[in-house]
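Asker: Sequence:
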Amino acid sequence: MLNLSSLRSFEAGLNHLQGNLPPDLGISLPNLEFFSIHSNQFTGSIPVSISNLSKLEFLQLNQNKLTGKMPSLEKLHRLLSMTVASNNLGSGEANDLSFLSSLANATNLKELIITQNNFQGQLPPQISNLSITLKIMGLDSNLLSGSIPDGIENLISLEDFEVQNNHLSGIIPSTIGKLQNLVILDLGVNNFSGHISPSLGNLTNLIGLYLNDINVQGRIPSSLANCSASSMQSQTPEEVEPKSEDNNLCDFLGSRCLIKVS
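Heads up, the sequence shown is in the working numbering, so the first residue is 25 and it goes up one at a time.
There are no misleading hints in this set.
Below, computed lysine to aspartate or glutamate pairings styled on DMTMM-like, alpha-carbon distance capped at 20 Å: (1) K79 to D48; (2) K202 to E177; (3) K134 to E183; (4) K99 to E81; (5) K134 to E186; (6) K134 to E81; (7) K99 to D48; (8) K79 to E98; (9) K159 to D184; (10) K159 to E81; (11) K159 to E183; (12) K79 to E135; (13) K159 to E135; (14) K134 to E57; (15) K79 to E57; (16) K202 to D184; (17) K202 to D174; (18) K99 to E57; (19) K134 to D184; (20) K159 to E186; (21) K89 to E35; (22) K134 to E98; (23) K99 to E135; (24) K202 to E183; (25) K202 to E186; (26) K93 to D48; (27) K93 to E117; (28) K79 to E35; (29) K159 to D174; (30) K134 to E177; (31) K159 to E177.
Pair ranges (Cβ atoms, derived): (32) N55 to G194: 40 to 46 Å; (33) N236 to G37: 31 to 37 Å; (34) R32 to G116: 32 to 38 Å; (35) N119 to N44: 21 to 27 Å; (36) P222 to N55: 48 to 54 Å.
Since the hints were made in silico from the structure, they are not lab data. Quick caveat: nothing in here was measured; it's all calculated off a predicted structure. Here a beta-carbon is modelled for each residue, glycine too, at the ideal position from N, C-alpha and C.
Make the full structure from the sequences, and use the hints.
Answerer: Right under this line is the structure:
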């Protein structure tokens, strides 16, 4: 790239740009705070040198054709938002998500979206060390396996947690019930087992709860009646009649609850 070492913001989204990202990107543009190339046709891997962008706050690489492994993001301690959704990222290895651990230094991170990629492997326990300011975490539509770590409870500011359309298994951790700021919880299309934890009834700000096609058993706990009737909308698939210990779920959730359990 040209000598643009003082550049702080680079935005080239919504074009038809293609080719590989320069391997020296993080060296040539050391002062970048905002980098957005979303909705283009870039290919190849994300340069390892991007790990040098210690001043970066916004990283938007979504909707391209990027491939390969995510580099370490350990030095990106100012990062506020990162989205790499809708690419072909992932190495096919069990440690595909190791880069999430390197984000622990981004203490003001608010948005992390890696949806619609080819990431494999398990969620590292270290996700519990991510910023307590994190509000949006989108991991859906990948090839993730294993269980959701109990330490998810540490992400106390989460409002939107989406892991649908993966291969996650094990029980749904009861610690999710401690995330009382959750508005959207999407666990659908996975391989969970066991029962729906009554602790989900603690999520009184919930607007959307998606439990479709996850292989859980038993009844829907009556504690879900604690979900705010003033902020939810009742819609369940016609072929499903969810039951609580009391009666039909819709009877006690009130008039505004979006719950999908097919």
